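Protein chains: 2
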Amino acid sequence: MPHIPLPDHLPGITGLLEYSKHTALPIRQLTQFLLRGDSTLSPGERELIATIVSHHNACAFCTAAHTAAADLLLGDVETCEIIKHDIDAAPVSEKMKSLLKIARQVQVSGKAVTTLAIEDAKNNGATDLEIHDTVLIAALFCLYNRYVDGMATVAPENPEFYHGLGQRLVDNGYNRLPDGYDHLKK
Amino acid sequence: MPHIPLPDHLPGITGLLEYSKHTALPIRQLTQFLLRGDSTLSPGERELIATIVSHHNACAFCTAAHTAAADLLLGDVETCEIIKHDIDAAPVSEKMKSLLKIARQVQVSGKAVTTLAIEDAKNNGATDLEIHDTVLIAALFCLYNRYVDGMATVAPENPEFYHGLGQRLVDNGYNRLPDGYDHLKK
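Protein sequence lines, in the order shown, are assigned to chains A and B.
Sequential numbering from 1 applies to the first sequence in our numbering.
Sequential numbering from 187 applies to the second sequence in our numbering.
Do not rely on the hints blindly, as some may be mistaken.
Derived SDA-like pairs: lysine to any residue, alpha-carbon spacing no greater than 20 angstroms straight-line [said to hold, decoys possible]: (1) B:K308 / A:L72; (2) B:K207 / A:K111; (3) A:K111 / B:S295; (4) A:K21 / A:S39; (5) B:K281 / B:L302; (6) B:K207 / A:V108; (7) B:K270 / A:S109; (8) B:K297 / B:D314; (9) B:K207 / B:D224; (10) B:K297 / A:N123; (11) A:K21 / B:R214.
Where chain B lies over chain A, by a calculated footprint (3+ residues, C-beta under 8 angstroms) [what the hints assert, rightly or not]: (12) 1-11; (13) 21-35; (14) 57-66; (15) 108-121; (16) 135-146; (17) 149-160.
Please keep in mind that the hints were generated in silico from the structure rather than gathered at the bench.
As the structure is a prediction and not an experimental result, all values here were calculated from the model.
Every residue, glycine too, gets a C-beta built ideally from N, C-alpha and C.
Assemble the whole structure, with the sequences as input and the hints as a guide.
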């Protein structure tokens with residue numbers, strides 16, 4: 001049960017974004033820019049960063065939601081499961097493996113990011129901006145995971161829920177409110 | 187040395203906010219709303235939340251900057267130092283002690299927030315919104331601390347630097363760019 005009253009039909013982050021609309025707006029804008037804005041990293045690659053951080057923060061809602069979005073964007077259901085347990089075994093580029101390892105370090109702590117990991121990413125072709133965006137996406141999901149679990153929001157157990165949510169994140173990105181909540185835009 | 191080239195004269199978060207202005211805008215807006223917007227928690231109390239989280243994330247730049255801002259807002263230099271080591275000994279309200287303990291749990295993990303800590307805050311008069319804002323401020327500083335240290339930004343050692351920065355955060359809040367950077371608003 002959430003620590004404060006939240007709408008039953010809006011689990012996880014969705015109820016919090018409705019509860020506090022003034023903070024929801026910049027959070028949505030930041031996420032939209034980082035995960036869907038112009039980038040040399042694909043939206044699927046950026047959803048992998050969100051997924052690996054949420055997984056290691058043990059945030060069930062965010063992990064399931066971003067796994068669903070990444071699966072749809074990448075066109076398979078294996079990559080997410082592999083990166084959660086063994087980055088080097090995943091069918092992604094060497095550059096992406098390096099960036100996922102940096103994201104994994106950010107999840108632990110900013111101070112856990114090593115010069116070796118950064119050099120590895122640069123040697124594998126990562127640009128300064130890709131490294132910057134990886135660190136900031138990973139840091140953003142450390143915010144989301146703490147917000148979602150720190151408020152003890154509900155994580156549905158039904159996989160269909162996350163498939164539907166993942167599809168909405170693919171179709172609409174992060175600026176759109178959930179279906180039926182257009183009146184909140186006023 | 188930062189992991190990517192950043193302006194020498196803009197240490198810590200300030201260089202990152204210049205490097206990536208599109209992400210800086212919503213980050214600034216979120217921070218301004220949470221730390222300076224209308225609230226039943228004073229700006230000084232909210233800076234204490236930023237300070238305790240940054241301290242326990244061992245982020246030297248953010249800890250010094252928000253300690254300086256909190257000191258100015260609270261009118262003393264003892265409260266910040268005490269809350270870093272012993273919340274119960276600090277000259278703050280029982281409600282604020284409870285909220286600082288929740289922030290401390292959020293710093294560890296969203297899952298570390300206990301129902302007992304939430305009940306304690308409510309028993310000490312904390313509202314649902316104050317609990318929400320405490321969790322989100324703590325989560326936001328987990329983002330900031332990881333961004334600042336994950337990019338290996340420079341933290342000046344001169345205390346005068348942080349006194350000046352703290353004064354700017356008190357006078358101008360979080361929406362204003364550093365002095366001399368008005369051209370970036372275009």
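Given the hint that K270 of chain B pairs with S109 of chain A, does the C-alpha gap stay at or below 20 angstroms? Measuring from Cα to Cα gives roughly 18 angstroms; hence the hint holds.
The region 135-146 of chain A covered by chain B? Criterion: 3 or more residues, Cβ-Cβ distance below 8 angstroms. holds (count 10)
Closer than 8 angstroms Cβ to Cβ for three or more residues is the test here. Does the region 108-121 of chain A pass it with chain B? holds (count 6)
Coverage claim, chain B over the region 57-66 of chain A, checked by counting residues with Cβ within 8 angstroms (three needed): Since three or more residues must qualify, the claim that chain B covers the region 57-66 of chain A holds, with 3 doing so at under 8 angstroms.
20 angstroms limit on alpha-carbon distance, applied to hinted pair K281 of chain B and L302 of chain B: With a Cα-Cα distance of about 14 angstroms, the restraint between K281 of chain B and L302 of chain B holds, given a limit of 20 angstroms.
If you draw a straight line from the CA of K207 of chain B to the CA of V108 of chain A, is it 20 angstroms or shorter? With Cα atoms ~26 angstroms apart, K207 of chain B and V108 of chain A exceed 20 angstroms; violated.
Is the Cα-Cα distance between K21 of chain A and R214 of chain B 20 angstroms or less? holds, 16 angstroms
Assess, step by step, whether the Cα of K207 of chain B is no farther than 20 angstroms from the Cα of D224 of chain B, and give holds or violated. violated, 26 angstroms
Residues of the region 1-11 of chain A with Cβ under 8 angstroms from chain B, three needed, outcome: Coverage by chain B holds here, the residue count being 3 at a Cβ distance below 8 angstroms.
When you check the alpha-carbon spacing of K207 of chain B and K111 of chain A, does it fall within 20 angstroms? Given pair K207 of chain B, K111 of chain A is violated - Cα atoms ~23 angstroms apart, limit 20 angstroms.
Satisfaction of hint between S295 of chain B and K111 of chain A, Cα-Cα up to 20 angstroms: holds, 16 angstroms
20 angstroms Cα cutoff - pair K308 of chain B, L72 of chain A: violated, 42 angstroms
Checked against the numbered hints given earlier, this structure breaks hints 1, 2, 4, 6, 9, 10; the rest are met.
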